[in-house]
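**Student:** Listed below are the residues making up each chain.
Number of protein chains: 2
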Amino acid sequence: MRIGFIGLGIMGKPMCKNLIKAGYDVIVSSSKPKTNDEMREAGACVANSYKDLASQVDVVITMVPNSPEVKAVIQEIADDLSEGATVIDMSSIAPLASQEIANMLRKRGIGFLDAPVSGGEPKAIEGTVSVMVGGDSNTFEKCKPILDTMAGSVVRVGDVGAGNSTKLANQIIVALNIAAVSEAFVLAKKMGVDLELVHEAIRGGLAGSTVLDAKGPMMIERDFKPGFKIDLHLKDVNNVVETANELDVPLPLTHSMQEALKTLSEEGFGQEDHSAILRYFENQN
Amino acid sequence: MRIGFIGLGIMGKPMCKNLIKAGYDVIVSSSKPKTNDEMREAGACVANSYKDLASQVDVVITMVPNSPEVKAVIQEIADDLSEGATVIDMSSIAPLASQEIANMLRKRGIGFLDAPVSGGEPKAIEGTVSVMVGGDSNTFEKCKPILDTMAGSVVRVGDVGAGNSTKLANQIIVALNIAAVSEAFVLAKKMGVDLELVHEAIRGGLAGSTVLDAKGPMMIERDFKPGFKIDLHLKDVNNVVETANELDVPLPLTHSMQEALKTLSEEGFGQEDHSAILRYFENQN
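These protein sequences, in sequence, are chains A and B. The first sequence maps to residues 1 to 285 in the numbering used here. The second sequence maps to residues 1 to 285 in the numbering used here.
Be a bit skeptical, because a hint or two may be false.
Counterexamples of contact, computed for chain A against chain B with all Cβ distances above 10 Å [said to hold, decoys possible]:
(1) Arg106
(2) Lys144
(3) Asp148
(4) Thr149
Simulated pairs of lysine to aspartate or glutamate, EDC-like, Cα-Cα distance not exceeding 16 Å [stated by the list, open to error]:
(5) Lys189(B) x Glu221(B)
(6) Lys189(A) x Asp248(B)
(7) Lys189(A) x Asp159(B)
(8) Lys189(A) x Glu246(B)
(9) Lys107(A) x Asp80(A)
(10) Lys190(A) x Glu242(B)
(11) Lys21(B) x Asp148(B)
(12) Lys189(B) x Glu246(A)
(13) Lys190(A) x Asp248(B)
(14) Lys190(B) x Glu242(A)
(15) Lys235(A) x Glu259(A)
(16) Lys107(B) x Glu83(B)
(17) Lys189(B) x Asp248(A)
(18) Lys190(A) x Glu246(B)
(19) Lys190(B) x Asp248(A)
(20) Lys189(B) x Glu282(B)
(21) Lys190(B) x Glu246(A)
(22) Lys144(A) x Asp58(A)
(23) Lys189(B) x Asp159(A)
(24) Lys71(A) x Glu100(A)
If you're looking for bench data, these hints aren't it; they were derived computationally from the structure. Don't be surprised by glycine CBs; every beta carbon is placed ideally from N, CA and C.
Isolated chain A, as found in the complex (with noise of 0.2 Å):
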């Protein structure tokens, strides 16, 4: 089976390695000379252009920022995929927009995923990211083999939109996790207390978590860089908020949330990790 692979970014390049060590024929393209040099390194094919890469391949997966980008990379294709290739878009987008496409590949005989991922860059290097997939069971079992080989655990949470849904309620977690540990931290630094001690002390307890021990130490020694950046988190969260708007759901903490990123931004920390949240909640005097 040939797959195509679109969006090399933090979390799509380690992801698609894992894809080639596992004996997948993979066929990339990226616009960056030093990307593709660097796959083909790894044992890729490098297409000319995206168009040339679905020519020849039976499933792409897309990795890439946000709605727009997935609708723009998915029209320019659609007519170079062949009937019954599939695609399994891994980017963290608007549930609809994963319904929009999906209806608009299947009218051409074409397969869809919505399979958004968490677990953050050392996840995907390791291969051991938590997929969420949307989509009907047929395409999710002939695909679930792919995504075992990026993934620690791969869930079909329902159809099509399901996986960007279980990604949103995703997102409102890690960042709603790592105001958590920033709350406590700015606290427990004010009242003298060591941190990477009361790291130590509290990680075995109920307030363990996998962002308290991924990002707590780069919190600790303000080392901010991405990860996964701000800005995307925001992205994350405006789509949290839409959605939320539209199904008349209130979520005052997430829209603080919102605020936070929006603000963090602002100043210029878009492309910080999002551990830098800490910033915001340093900064509340």
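With chain A held as given, fit chain B onto it using these hints.
**Tutor:** This is chain B only, laid out in the frame that chain A set:
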């Protein structure tokens, strides 16, 4: 070594049983005859009163609701403790109260540790709570083997008060992590995604947490049997806000959680498990 244990509630009882199982000679004294019977059955001796208990032991462990209760118990027994005895207060109280108690006891030649725990009832039963300890190194080293019988981790975080400072930070995280899961579940349910599948799909990613694993299923099944009660978490968050105000630290999300817990308590949910914070976020419309 003989140990007295005062405060046989949801957490204290299983913690005390683990001390007995580890072979310590344990004396208890409860106002509830049924609790005394149960602990006698488990292998403890039963004293007639706290004063009687205090006169027979080298170490007293206290595990009661809040600062006033700890102060009351310790004032009651202070005259009956031998010089050289140690009090380990495992309750979660204000750091300043711990320091006041320690000063009072020091004048009588009695040692003190503040050693609050986190992990909830399941970890209390398993003997895997996390203990965050404040006190001098000598007293800590002397008492660590005792604490180890109840705990998965025992970390000295600083001098007297530091244990409870750390616990305040811990309780901020726990309250906000429950709120995070609440907002995520409220939105996911409204989006029509199955919550059990959401839980399964996200627990291995960056949204993973001890709260998600321990409280998520309770929230899905709406089983709010405590565990750790809303009213006790409100008490802790009140201690957080009081301390934060003294130190002039604004904690906007923690203030929201104080409001949420207060509202739930006033609405009659104070005796439910703190996973019932979900109710607050369901009722924002």
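**Student:** Hint by hint, note whether the structure agrees.
**Tutor:** Hints, verified against the model:
1. For Arg106(A), the non-interface assignment is confirmed: its Cβ lies about 20 Å from the closest Cβ of chain B, beyond the 10 Å cut-off.
2. The beta carbon of Lys144(A) sits about 13 Å from the closest Cβ of chain B, which is more than 10 Å, so the claim that it is off the interface holds.
3. Remark: the non-interface label on Asp148(A) is consistent with the geometry, its nearest Cβ contact in chain B lying 13 Å away (cut-off 10 Å).
4. Annotated as non-interface, Thr149(A) keeps its C-beta farther than 10 Å from every C-beta of chain B; the closest such distance is 16 Å.
5. Our distance criterion of 16 Å between C-alpha atoms is met by Lys189(B) and Glu221(B), whose separation comes to about 13 Å.
6. Of the supplied pair hints, the one linking Lys189(A) and Asp248(B) holds, its CA atoms being roughly 12 Å apart against a limit of 16 Å.
7. Restraint check for Lys189(A) and Asp159(B): satisfied, since their Cα atoms lie roughly 15 Å apart, inside the 16 Å limit.
8. Distance restraint check for Lys189(A) and Glu246(B): the Cα-Cα separation of roughly 14 Å lies within the 16 Å cut-off, and the hinted pair is therefore satisfied.
9. Using a Cα cut-off of 16 Å, the hinted pair Lys107(A) and Asp80(A) holds, with the two alpha carbons roughly 14 Å apart.
10. Between the alpha carbons of Lys190(A) and Glu242(B) the distance comes to roughly 13 Å, so the proposed pair stays at or under 16 Å and holds.
11. Of the supplied pair hints, the one linking Lys21(B) and Asp148(B) holds, its CA atoms being roughly 12 Å apart against a limit of 16 Å.
12. Proximity of Lys189(B) to Glu246(A) is assessed by CA-CA distance (about 14 Å); at most 16 Å being required, the pair is judged to hold.
13. Among the hinted pairs, Lys190(A) with Asp248(B) is consistent with the structure: their alpha-carbon atoms are about 9 Å apart, no more than 16 Å.
14. Proximity of Lys190(B) to Glu242(A) is assessed by CA-CA distance (about 13 Å); at most 16 Å being required, the pair is judged to hold.
15. Restraint check for Lys235(A) and Glu259(A): satisfied, since their Cα atoms lie roughly 12 Å apart, inside the 16 Å limit.
16. Distance restraint check for Lys107(B) and Glu83(B): the Cα-Cα separation of roughly 10 Å lies within the 16 Å cut-off, and the hinted pair is therefore satisfied.
17. For the suggested pair Lys189(B) and Asp248(A), the alpha carbons sit about 13 Å apart, so the restraint of at most 16 Å is met.
18. A distance of roughly 10 Å separates the Cα atoms of Lys190(A) and Glu246(B); the hinted pair therefore holds under the 16 Å criterion.
19. With a C-alpha separation of about 9 Å, the suggested pair Lys190(B) and Asp248(A) falls inside the 16 Å cut-off, and the hint holds.
20. The suggested pairing of Lys189(B) with Glu282(B) holds, with an alpha-carbon distance near 10 Å, which does not exceed 16 Å.
21. For the suggested pair Lys190(B) and Glu246(A), the alpha carbons sit about 11 Å apart, so the restraint of at most 16 Å is met.
22. Distance check on the hinted pair: Lys144(A) and Asp58(A) sit about 14 Å apart at the alpha-carbon level, within 16 Å; holds.
23. Restraint check for Lys189(B) and Asp159(A): the C-alpha separation of about 15 Å stays at or below 16 Å, so the hint holds.
24. Annotation: proposed proximity of Lys71(A) to Glu100(A) holds, straight-line Cα distance about 9 Å (limit 16 Å).
No hint from the list above goes unmet by this structure.
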